[in-house]
Amino acid sequence: MERGLYIAASGMLAEQVRQDQLANDLANASTPGYKSDRVSQHSFARELDLVNRRSGAAVGTLGAGAIIAEKRTDLTPQTLKETGEPLDLAVAGEGYFQVQTAQGVRYTRDGSFTADAQGRLVDQAGDPVLGADGRPVRLNADGTVDPARVGVVALTNVAKAGDGRYTGTPDRGAETGTVRTGAIETSGVDASRTMIEMIGSLRAFEAGQRAITTIDETLRLASGQVGNLPG
Amino acid sequence: MYTAAAGMAAQQRRLDSLGNDLANVSTTGYKHVRVAFRDLVYTQAARGGADGVELGSGAAVRTLGRTTQQGAIKQTGEPLDVAITGEGFLAVRMPDGRQALTRDGQLRLDATGRLVTATGGLLMDPSITLPAGTQPDRIAIGADGTITADGRAAGRLRLVTVTAPGALDGGADNVFFATRGSGAPTAAPATTSVQQGALESSTVDIGSAMTDMISTQRAFELASKAIQMQDQMLEVANGVKR
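Chains as they are written, first to last, in the working numbering: chain A, 1 to 231; chain B, 1 to 242.
Because the hints were derived from the structure by calculation, they are not lab data.
Bear in mind that the values here come from a model prediction, so they are computed numbers and not experimental data.
Glycine residues also receive a C-beta, built at the ideal position from the N, C-alpha and C atoms.
Check the hints yourself; a few may be wrong.
[Stated by the list, open to error] Restraint-style ranges between C-beta atoms, simulated for each label pair:
#: 1; chain 1: B; residue 1: SER215; chain 2: A; residue 2: VAL51; range: 56 to 64 Å
#: 2; chain 1: A; residue 1: ARG138; chain 2: B; residue 2: ASP144; range: 21 to 29 Å
#: 3; chain 1: B; residue 1: THR63; chain 2: A; residue 2: TYR6; range: 47 to 55 Å
#: 4; chain 1: A; residue 1: ARG138; chain 2: B; residue 2: ALA187; range: 12 to 20 Å
#: 5; chain 1: A; residue 1: VAL158; chain 2: B; residue 2: SER215; range: 25 to 33 Å
#: 6; chain 1: B; residue 1: GLN217; chain 2: A; residue 2: ARG149; range: 34 to 42 Å
#: 7; chain 1: B; residue 1: GLY171; chain 2: A; residue 2: ALA92; range: 32 to 40 Å
#: 8; chain 1: B; residue 1: ARG180; chain 2: A; residue 2: ARG135; range: 20 to 28 Å
#: 9; chain 1: A; residue 1: ALA141; chain 2: B; residue 2: TYR2; range: 42 to 50 Å
Use the sequences and the hints to build the structure in full.
Structure (structure tokens):
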């Protein structure tokens with residue numbers, strides 16, 4: 001019926017998606033190596049050309065609502081936090097650790113590693129961390145790990161895969177940072193910025209609701225008063 | 001809303017483990033627990049998102065087991081106190097015959113002259129009996145665990161280790177049990193030694209445990225704010241129809 005009704009509703013749906021993304025960032029405020037996301041809205045079906053029905057002259061364009069069109073992950077290296085744990089590793093600078101999973105090699109910046117019964121360095125899920133030679137990293141006899149033996153690769157086309165892991169294409173030529181033991185990379189979530197964005201998103205959602213109620217009110221007037229001819 | 005709730009649940013579990021660590025701040029040989037966070041699966045956003053826009057579903061926590069950090073060595077001067085430096089544990093025997101591991105080196109002699117742990121009174125494995133009437137201050141314990149009483153060899157403390165100490169199962173009375181994940185106990189490396197007249201302190205550092213607690217509490221609060229925000233959105237959505 002009223003085009004505006006659907007335009008406003010699509011804006012509200014987009015804000016809901018944004019809220020979900022922001023909530024995921026906040027939930028991961030303590031996840032080591034977590035990279036925060038940023039979503040951007042675009043009006044979809046870009047512009048509808050409006051034409052004056054009687055004269056046929058172009059009136060202008062109209063957006064047909066909003067959609068979350070893009071999600072970008074901020075991959076900037078974050079500050080490292082000292083933990084003193086011998087098996088906690090961090091990449092100082094660019095680059096990712098490699099983990100051999102059942103689905104193939106995955107990449108991570110979360111270095112909260114541990115040892116398995118075979119004496120290999122494994123990640124939280126128990127999958128082996130790969131060395132520079134592409135083979136699982138083995139622990140020294142005293143239970144420590146040699147940081148120089150742990151492989152770090154640069155990636156392009158990085159995408160999140162959950163469990164602190166990423167997929168991507170290794171870029172062998174690019175320069176990578178160094179591995180440090182006894183530290184982990186902190187989460188990339190900026191709590192205050194996320195909170196502010198949440199409030200902004202809530203207000204935009206409210207504005208969409210107001211637009212819908214206003215249009216609804218107009219429709220009510222149209223159906224009630226215009227149709228109510230004085231007899 | 002579930003995303004934020006998952007984050008709160010993860011922080012809650014971390015608070016629990018921090019609470020337990022703080023309770024053991026003066027437990028001899030106590031190793032604090034390592035807790036790790038991870039993000040959860042990413043799935044295609046619902047209506048309102050274009051193709052390829054994926055949203056995460058919160059965070060989860062996993063216990064990585066105990067730290068292998070060395071606790072500070074505290075001198076006590078007691079002849080039957082031993083501190084382990086380096087990797088490894090003292091092998092002790094549970095009353096039911098199982099082998100257990102401990103880093104709590106506060107030892108004493110029982111009524112029959114056997115060497116036992118102070119907490120739980122567990123026998124050493126293999127058990128070590130000192131000649132009747134041996135005074136504790138005439139006992140010397142070497143760096144390799146050899147015990148001599150009045151200059152005569154009386155046994156040797158067995159030092160063992162496992163491949164993955166983080167996966168040990170913690171029991172009561174400050175002891176650990178080997179699991180399939182940790183691997184079976186083997187002799188400790190030569191770098192491990194014992195020091196007589198000293199004890200290993202708990203690895204819990206009150207300062208860092210407290211700061212961890214504060215940051216966990218704040219993260220918990222943030223996630224709860226996110227829930228409130230999403231609830232408010234539902235309220236707004238309900239207001240569409242008047």
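Here's how the hints hold up against the structure:
{"no.": "1", "hint": "SER215/B to VAL51/A: 56 to 64 Å", "result": "59 Å, holds"}
{"no.": "2", "hint": "ARG138/A to ASP144/B: 21 to 29 Å", "result": "27 Å, holds"}
{"no.": "3", "hint": "THR63/B to TYR6/A: 47 to 55 Å", "result": "49 Å, holds"}
{"no.": "4", "hint": "ARG138/A to ALA187/B: 12 to 20 Å", "result": "19 Å, holds"}
{"no.": "5", "hint": "VAL158/A to SER215/B: 25 to 33 Å", "result": "27 Å, holds"}
{"no.": "6", "hint": "GLN217/B to ARG149/A: 34 to 42 Å", "result": "38 Å, holds"}
{"no.": "7", "hint": "GLY171/B to ALA92/A: 32 to 40 Å", "result": "39 Å, holds"}
{"no.": "8", "hint": "ARG180/B to ARG135/A: 20 to 28 Å", "result": "24 Å, holds"}
{"no.": "9", "hint": "ALA141/A to TYR2/B: 42 to 50 Å", "result": "45 Å, holds"}
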